[in-house]
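Novice: What follows is each chain in one-letter form.
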Amino acid sequence: MAVAHKSVISFGLVAIPISMYTAVQDNDIHFNQLHQEDKERIKYKKICSHCGKEITSKEIIKGYQYDPDHYVVVTDDDLEKIKTEKEKSIQILHFAELNQISPVYFDKSYQAIPEAGGDKAFELLREALMAQQKVAIGKTVMGTKETLLVIIPREEGIIISTMFYEDEIKDLPKGYNKPELSEAELSMAKTLINSMDTPFNPSEYKDEYQIKLRELLETKIEGKEVVSPKEEAQSNIINLMDALKASIEQNKKDTKPKPKPKRETHKKGA
Amino acid sequence: MDIFESKNIKPMLIGEMQDAFDSPDYIYELKLDGDRCIAYLDKNGTDLRNKRNAKMLVKVPELSEIHKQVKYPCILDGELIVVKDGKPDFSEIQRRAITSNSFKIKLASTKLPATFTAFDILYYKDHEVIDLPLMQRKKLLEMTVKENERLAVSRYIEEQGVEFYKLSEQNQLEGIVAKRKDSRYYFDKRTKDWIKIKNLLDDDFIICGYILKDKGAASIILGQYSNNCHKELVYKGHVILGMSAADFKIIKSMPETGMPFNDLPSGNDNAVWIKPELVCTVKYMMKTSNGGLRQPVYKGLRDDKKPEDCII
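Chains as they are written, first to last, in the numbering used here: chain U, 1 to 270; chain B, 271 to 582.
Just to be clear, a hint being listed does not mean it is correct.
[Claimed, not checked] Listed next, the in silico DSS-like pairs over lysine-lysine satisfying Cα-Cα at most 25 Å (straight line):
{"#": "1", "chain 1": "B", "residue 1": "Lys545", "chain 2": "U", "residue 2": "Lys81"}
{"#": "2", "chain 1": "U", "residue 1": "Lys46", "chain 2": "B", "residue 2": "Lys545"}
{"#": "3", "chain 1": "B", "residue 1": "Lys280", "chain 2": "U", "residue 2": "Lys6"}
Calculated from the structure, these hints are not laboratory results.
Chain B on its own, in the form it takes in the complex (with noise of 0.2 Å):
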């Protein structure tokens, strides 16, 4: 079946994270802090997905008309973000990808309307345009799209990645990402053609229990599984989150369960232990010499992971 007909693509990833450079076979664009998302655009709609398949245009209904402004039909890739004080807010777009209820999605889509941001396209009236060398695509993103406040074109730099970078630093942005000229897109594939570049790391973890604090606050305790065949999970330490956020209550509601690690520093004797079933995204400075997080910050829940796939 056509790719625009079964609607099951699995985007690429980037699969490098360097310092900033500067080279004339690369460009550069800005990493949006966002979720990533692939829209299938035609005159019959818009259809939107994120990396595990789930239809999102429910949750941003705003982007519903978004197709009206492709001249063909196209599948194109991008990030679905919600920009709030000037710059694209993860928690807001994470938030917003948690609601279920119509109404205070509405409430949210006038008040914080999301944009997709496309950065590629896949499909081109009526053929895969995967193999055409990374340039060609971008040449193609841009005729085929009119852009308006719902629907964006990433705009990229050519060579100067060490100068961009710096000025994404000042502006307080994720980061940027440098993407080979002539590379072609493959679907479902950690790529060394996209290279990430950025300040604060993040990871992926699953939370595994979390212990109450004084003053409204939670210890959350992170795990990962181990990259082996027994797929155990690994303890890696704590993050601080307020207990009136609407994600505690999702993690509180969490059925109760025993201990998973075996191997569980000194700390966590108040711990409660819930099912290993959410996934949330942390950030952090660098990792400390025995693996643990240097002054780790919550971000959000995630939905569009799984947590076997959150590893070490």
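Just chain U, same shape as in the assembly (with noise of 0.2 Å):
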């Protein structure tokens, strides 16, 4: 699994190493565009709007438009420029409780595994937050972006999840009213609610979709290989190295009626 970002959590004096892998990954179907008539692959191409030339990757720059005709033009270096070292690593701004941050805040998470010579302070940064139940929120650069983000404790390790900044939170779309309720009404909701409480085990759900669209194509894919010869799929490490190793046993018998003691001693006579 390839690292998604290398940075270094810094805490107060201390600078921790660390690596994020992303945390989640795509298990559906994708499918590929085909043309009809002879099943091929259906390509893309770059072409530039104002000459028609098709584009390579190292022709293609950065521009931002700010009219409708006109662009900036932004290179690596500069957005490199105003980063700084400072933000490269993560820093953690404050700690809070895990529930006063609404789910709505989270985007994509990761988990971080301390590089060479962080374990230990990792590992106090985790024990510390686990016992105090605490979250610590801290910002770093990730690309070209300044990230939010919240590190959160687990039994296993340390989950960091990035986070949007308040002003990407949209309002409500609009007002809806919130009717005057009944005692009565509540505490029968409450109960309704009380009846169905089980703890949440993710392992219960699957999607059920990506199930038929799995077994609907391994049927189409059987189908297909029932073509080739399956006696393939029979050939053993296990025989390979056998009869590499009976063949040379063979092959040391055909050789032994010289007896070695005689060879010895002729060595020595000589």
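Grab the two chains, each in its own frame, and use the hints to assemble them into the complex.
Specialist: Following this line, the structure appears as structure tokens:
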């Protein structure tokens, strides 16, 4: 699994080098676009809207459209220059409680693993956060964006989740009435909730559509593979190793008639 | 902590390469073209870790039952391989290692299932056995493991290294390894007690960029770090790769950057330079006098080696 981001958590005087790995993976089935006639892949070509020439990636630069027909060009160097060393590390700003953060703020989650030399400080941070039941709020630069983060301790390690800024969260699209509720109605609803209260167990939930889609594909693929001989799958490394060993031993027997001790006495005699 | 509990073994590595030889002090085994892994097996389950200590069982779920093939808790050292057309196929196991979609892994695991071939035992019942001489570890390994399709024990030949090497060559296998019979196991050490004997050489390089060619091919630009305190990237030539290859998509998706070398020969005018973070293995016949690769063949990306460990 490739490292998504490398950073350093700076916490007071301590710097903890870490690698961040993406915490989720996409198991969905994705289709490719094929040309109906010959079943070959559809390709995308990048073409300049002005001259019509096909453009390779090294001819492409970044621009910002500030007017319908006007762009300012921004180079990677420009972007690199406005980053500072400080921003490349994860600065812990303060500590808070997890339930103070509305779930709407969470974006992507990563699993953090300490890099060489960071094990002790990493474990110290995790244990202390667990004991205090706190999370750390921090900031860093990822890509070109200054990102808000929350560092969440778990039994098995540390999860770092990127967060949206307040101005990225939309207001309710429209208001709705909140009618008065009677005590009886509320207590009935509460009873219903309590009667259906079981712990959340993520392994119980599966995407049923994806399961059916996989089954469909497996049958279609198997249907195709019947054509090719299946014996190939029988080849086994044990058979190969045994066969090689046996052929060495066979050769050994064949050459054995010349008794070894005799040759040795010859040498000594010579 | 007990090494079974902490699960962060760094395996012993081969430290020598030479021509085939016969010696009564050595045993000879096939060098299987796969992914080196350590298997931690006990009644609770199977845990497979590669050289970088990444958990490999998610990539090879068909091996999740191999702990049932051992009599006692044990740690085995071996090679994770996929056999295709009767031979270990490196590109298949590498492809598996870089796949994460669970459906693609499932399809691959039924079509070309992987095998763990154990060649050493490092822990038995409740204690380390690395101080035992190799031949005693081999005996212990054979006693502990009951082979099946997914878990094999590496076969070895005594004394006849030359003959065995010839046979491996005839069967177009990667080569053989000679191991001293009385040798001990040292974690994280390159040992001269293990000697590889191979026809083709290979080495790992950092992918620094690529040049698009006609007919859907690309030249991959290779580099390695110099072995001095400056650790600068040194240009090591090209290897051809098909643009349709899955690996090329990964290479192409790397962020672009500036030319990383101090010294660049001609023929690199149309290069696209990428962040030097991908490692690939390249086979070659021999090195040219100026250090270039003769007849290089791209073998695949590898996930278990850091770029900074690709040193000249």
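Novice: Kindly indicate which numbered hints from before are broken by the structure, ordering the numbers from low to high.
Specialist: none
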